[in-house]
Every structure is written in structure tokens, then in C-alpha cells.
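Generate coordinates for the entire structure from the input sequences, incorporating the hints supplied.
In terms of numbering that gives the first Met the number 0, the sequence shown has 123 at position 124, counting the first letter as 1, and numbering is strictly consecutive.
Don't take every hint at face value.
Claimed, not checked - Here are the simulated lysine-lysine pairs, BS3-like style, with alpha carbons at most 25 angstroms apart:
{"no.": "1", "residue 1": "K354", "residue 2": "K372"}
{"no.": "2", "residue 1": "K37", "residue 2": "K20"}
{"no.": "3", "residue 1": "K376", "residue 2": "K354"}
{"no.": "4", "residue 1": "K37", "residue 2": "K50"}
{"no.": "5", "residue 1": "K376", "residue 2": "K321"}
{"no.": "6", "residue 1": "K376", "residue 2": "K316"}
{"no.": "7", "residue 1": "K320", "residue 2": "K183"}
{"no.": "8", "residue 1": "K293", "residue 2": "K354"}
{"no.": "9", "residue 1": "K215", "residue 2": "K233"}
{"no.": "10", "residue 1": "K321", "residue 2": "K293"}
{"no.": "11", "residue 1": "K316", "residue 2": "K292"}
{"no.": "12", "residue 1": "K232", "residue 2": "K215"}
{"no.": "13", "residue 1": "K321", "residue 2": "K215"}
{"no.": "14", "residue 1": "K320", "residue 2": "K292"}
{"no.": "15", "residue 1": "K215", "residue 2": "K295"}
{"no.": "16", "residue 1": "K320", "residue 2": "K293"}
{"no.": "17", "residue 1": "K343", "residue 2": "K333"}
{"no.": "18", "residue 1": "K321", "residue 2": "K333"}
Bear in mind the hints are in silico, worked out from the structure with no lab data behind them.
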Amino acid sequence: MRRFTLPRDIYYGEGALEQLKNIEGKRAILVLGGGSMKRFGFVDQVLGYLKEAGIETKLFENVEPDPSVETVMKGAAMMREFQPDWIISMGGGSPIDAAKAMWVFYEYPNVTFEEILKPFSFPTLRKKAKFIAIPSTSGTATEVTAFSVITDYQKGVKYPLADFNITPDIAIVDPSLAQTMPPKLTAHTGMDALTHAIEAYVSTANSPFTDPLAIKAIQMIIEYLLSSYNGDKKAREQMHYAQCLAGEAFSNALLGIVHSMAHKTGAAFSTGHIPHGCANAIYLPYVIQFNAKKAKDRYVDIANSIGITGTDEECVKGLCKKIQEYNEKLGIPKTLKEFGIDEKEFKQKLTDIAKLAIEDACTASNPRLITAKEMEKLLICTYYGEEVDF
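Right, here's the structure in full:
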């Protein structure tokens with residue numbers, strides 16, 4: 000038996016934020032990132048709508064990019080003191096991911112972080128609060144997913160948390176928030192969304208329910224991402240919807256080793272933190288080459304859906320070329336070396352990173368099995384830009 004889970008309600012389109020004035024409750028905590036939502040006036044809008052709804056609201060601010068275990072625990076402590084019946088998070092993937100994890104420790108103070116690292120092991124939520132997610136970036140789709148990524152900086156590791164319990168109750172996908180993204184963030188989040196859709200389509204957990212969502216998301220991203228990057232407002236709106244479709248797909252079909260690699264390398268190197276979407280974009284064409292030995296037909300489907308034709312081999316090569324062309328136009332490096340990762344440090348940490356990537360939750364649904372030694376070879380290819388021929 001399989002399961003397909005999405006938020007109960009998704010409100011989208013210009014002005015969707017106004018739906019907040021219709022929710023019922025007494026207290027809400029609003030979890031935010033670094034301040035852009037305040038600067039652009041969206042926090043005031045939210046507070047105004049919640050006041051109309053008769054809801055007392057408290058802010059938890061300054062969730063850092065790639066939120067830490069410590070931030071999660073601080074937020075949960077504030078929630079236990081304030082006792083909200085709504086947890087609302089607005090911003091990029093980081094504050095929403097952090098709020099999801101806070102939710103668990105708010106409702107279950109005695110649960111430890113280690114206890115929820117096993118996928119789909121969370122206790123039953125909604126005993127105290129429901130959850131609303133309002134994304135301002137067009138990539139993570141955490142507003143519709145059963146996932147959260149939290150970083151343990153002491154260990155230099157990202158933990159992907161997974162459980163249908165943390166799928167938000169309501170997602171508000173208002174494109175006006177996405178218009179505020181700077182170009183680099185637009186590029187990274189857009190390629191993150193493309194990776195979500197492609198990995199969902201080739202995942203061992205793909206299904207007739209997720210395939211149409213993944214393919215449509217891929218088509219929309221290929222059509223709109225470059226224009227969105229260049230500031231086109233209508234393209235920005237369509238990308239905001241496309242990333243949401245990709246999220247609906249991967250939340251139910253799961254992901255693969257592109258994400259395993261990105262999770263374990265993002266915070267691993269002292270010479271430069273790799274933004275998650277940028278890491279995915281770098282790794283994606285190399286992983287396609289690796290996985291094509293097992294899932295060639297699925298990659299051919301993707302290639303055909305965006306107008307790439309020819310033999311199966313030509314379609315796979317064409318798909319990789321298309322992704323590399325997009326990376327170049329979006330200012331994303333082709334290799335880890337080009338990104339600036341120190342070669343000596345890369346070699347020193349390679350074995351450990353490969354082992355951690357194999358153990359990552361996303362590896363289990365990758366279409367091709369991979370050993371630790373093969374993961375090392377694959378990472379070497381991504382460092383130097385070598386063809387994957389094994």
C-alpha cells in the first residue's frame with residue numbers, strides 16, 4: 000500500500016495572503032528568516048490579517064540560512080511558553096523547515112532530535128497546533144512537503160527529516176512574495192526545483208500520482224526559469240507554481256542521490272559553504288549520467304517532454320547538456336573545483352562524505368544502487384568535471 004499526501008488547502012495567486020484573515024484560533028507564532036519579509040512589508044500584512052481574525056501573534060525572527068539544531072530548540076521553547084494554536088512560517092525554505100522541526104518539540108518536549116532522524120518516525124502532531132507555510136522563494140517547496148532539512152554545524156552535516164506529520168495544513172503560494180528574490184537566489188532555487196522534479200520522476204517511489212506533477216513542473220521550469228532569472232514578473236509567478244508542483248511530486252515520490260550529495264557537502268568544507276540549490280545544480284548532470292545505466296527510459300521521457308529527441312543515448316546526453324547550459328546562463332559553476340572548494344580538503348574529507356551520502360535518507364529511493372566507493376568516484380567526477388562512465 001502507498002500513500003499520497005498534500006496540504007488540505009493550497010491558496011495561490013496574487014492576494015492569496017489575505018486568506019489569513021479567515022483562519023480561526025487564539026494565538027499564532029510567526030517564524031521568519033533574516034528580515035526581508037519585514038523590509039518588503041509582508042510581515043505587516045500578515046499581522047494585519049491575523050489581527051482581523053482576532054489572533055494574538057508573536058514573532059520568532061532571524062532563522063539563519065540552513066537552520067541549526069540550536070535555532071530549532073530555541074523556537075520550540077518559545078512555543079511552549081506562548082502556547083500557539085497556529086504555527087505560521089513565512090520566507091524561504093529555511094524558516095519554514097525550522098518551524099516544522101520546532102513544531103515537533105513544541106508538542107513533544109521530551110522527544111530528542113536523534114529520535115526523529117529515522118524517516119517517518121515522528122509522533123502524531125496537531126495535538127496543540129496546526130501549520131501554515133507561506134513561501135517567498137521558488138525552489139524548496141517545503142510549503143507542500145513532508146520534509147525539513149536541519150543542520151548540525153558541530154558535525155558539519157545536514158539532516159533531512161521526513162514524516163507526513165509535518166506536511167503543512169495550509170500552503171499560501173502568493174507570487175507577490177517571490178518577486179522580491181535577487182537573481183542568484185532565483186537561479187539556485189529554480190535549479191533546486193528542477194532537481195526535485197527530475198529526481199521524483201526517476202525515483203523508485205514514483206507513481207501515476209506523482210509523474211504528471213513532476214513532468215509538468217519540469218516543462219514549466221525549462222520554459223520560465225531563465226526569464227524569471229532576468230526579472231520577468233509573469234515568469235516569476237509561473238516559477239512559483241512550478242516549484243510547488245515539483246514539491247507535491249517529490250514529497251510523495253521521494254528523491255535521490257543528487258540530494259544525498261548536496262546534504263552532505265553543503266556545510267562540509269571550510270573553504271566555502273555551498274548553497275543547497277547550487278550544489279544540486281552542479282551534481283545533477285553527473286548523477287543523470289550515473290543513473291542512466293538503470294533508469295534511461297525515465298530520463299528519455301523527461302528529455303522528450305522538453306523537446307529533446309533522438310536515440311536514447313542522444314536524449315540523455317541532450318538532457319545533461321540542457322542542464323549544463325542552464326547552469327552556465329544562471330552563473331552556476333560546473334564543478335566543485337570551479338566553485339572554489341579546496342582540493343586538499345576535498346581529498347581529505349572525500350571518504351567520510353561519501354559514507355555519509357550513502358547513509359542519507361534520499362539514497363534509498365535513487366533508481367540505481369550505489370556503493371561507497373562508487374560515491375567517491377562520482378564525487379571526484381563532480382570535483383574535476385570528468386565524465387561518469389561507470
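Checked hints:
{"no.": "1", "hint": "K354 to K372", "in the structure": "9 angstroms, holds"}
{"no.": "2", "hint": "K37 to K20", "in the structure": "19 angstroms, holds"}
{"no.": "3", "hint": "K376 to K354", "in the structure": "12 angstroms, holds"}
{"no.": "4", "hint": "K37 to K50", "in the structure": "17 angstroms, holds"}
{"no.": "5", "hint": "K376 to K321", "in the structure": "23 angstroms, holds"}
{"no.": "6", "hint": "K376 to K316", "in the structure": "20 angstroms, holds"}
{"no.": "7", "hint": "K320 to K183", "in the structure": "21 angstroms, holds"}
{"no.": "8", "hint": "K293 to K354", "in the structure": "22 angstroms, holds"}
{"no.": "9", "hint": "K215 to K233", "in the structure": "17 angstroms, holds"}
{"no.": "10", "hint": "K321 to K293", "in the structure": "21 angstroms, holds"}
{"no.": "11", "hint": "K316 to K292", "in the structure": "13 angstroms, holds"}
{"no.": "12", "hint": "K232 to K215", "in the structure": "20 angstroms, holds"}
{"no.": "13", "hint": "K321 to K215", "in the structure": "17 angstroms, holds"}
{"no.": "14", "hint": "K320 to K292", "in the structure": "17 angstroms, holds"}
{"no.": "15", "hint": "K215 to K295", "in the structure": "19 angstroms, holds"}
{"no.": "16", "hint": "K320 to K293", "in the structure": "19 angstroms, holds"}
{"no.": "17", "hint": "K343 to K333", "in the structure": "19 angstroms, holds"}
{"no.": "18", "hint": "K321 to K333", "in the structure": "13 angstroms, holds"}
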